[in-house]
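Protein chains in written order, with my numbering: chain A, 880 to 1032; chain B, 880 to 1032.
Just so you know, these hints were derived from the structure itself, not from any lab. Please note that a few of the clues may not be correct.
The list makes no distinction among identical chains, and a pair is therefore deemed to hold if it is satisfied within one copy or across any two copies.
[Stated by the list, open to error] Listed next, the in silico BS3-like pairs over lysine-lysine satisfying Cα-Cα at most 27 Å (straight line):
id	residue 1	residue 2
1	K953	K889
2	K953	K943
3	K995	K942
4	K889	K943
Number of protein chains: 2
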Amino acid sequence: MPNALVTLVKDMQFVGDSGTGHAIVMDADEKFGGSNTGARPIELLLIGFGGCTGMDVISILRKKRQEITNFEIKVDGQRQEGHPGRYTAIHLIYTVTGRNVSKEAVERAISLSLDKYCSVGATLARSAEITHEYRIIDTAEESGGDERIRTAE
Amino acid sequence: MPNALVTLVKDMQFVGDSGTGHAIVMDADEKFGGSNTGARPIELLLIGFGGCTGMDVISILRKKRQEITNFEIKVDGQRQEGHPGRYTAIHLIYTVTGRNVSKEAVERAISLSLDKYCSVGATLARSAEITHEYRIIDTAEESGGDERIRTAE
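Work the whole structure out from these sequences, hints included.
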């Protein structure tokens, strides 16, 4: 089962050891006594969500023989005002770049991740409304000079 | 509002940029096509939780003039079996080391964090039952050779 060990270094700087042996520095903003040497803890939820659904989606697209050259996910969080400020909404924007990428394959891969596979998403969905959109940048006609960009909400 | 940009590097390796400018590498296990070059996305939730409550607790203990020399938080997660495997329980073990540390101050600081201030905890508490225990290692009598260790559930 997943576990982590988080250790105070100094001031508001902490280092977290993931159970699989990777270290992550966290720190607070200067106005909260930190030195901004690492990510805010609350940001890690969004990064983890992007990584989780990103791994799902790229795996599925590869199985579907899609030729992906670039792939990124922007993750925007909204928090409740005041304390404790939990996430109430998270919006994902997937950008898939490749040659002749199938819109249906991208839609299906994202649905499978968000509805079935992504553990981080399923955890956060209990607190936040999850929405998404995607954008496909098709490089097949790059020689023509124009990238076709398709978007969907 | 918090945001992150997560970008595929290669295979299952992704790099997440936190909105405050810090980069975190994530990767899958070898058996899922990764190379274990970074933390699993699901682990980031536990690290973030430890960092979030850790910052709260150390801030409160410092305000209460507690002399803390070491401080760590172990975070154990339990996930639902099968897909998507969201977190259903998270257990925190705080270990506070210092001179004449007040048990009441530690208890109060942890309660304030978990019940009032910690944004990561409030988000995860919608999915997982949160429990904790703490341990105080008192170094005041170090010269006597024995550390007094007090634990509580």
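(request) Against the earlier hints, flag every one the structure doesn't satisfy and list their numbers going up. (result) Structure breaks no hint.
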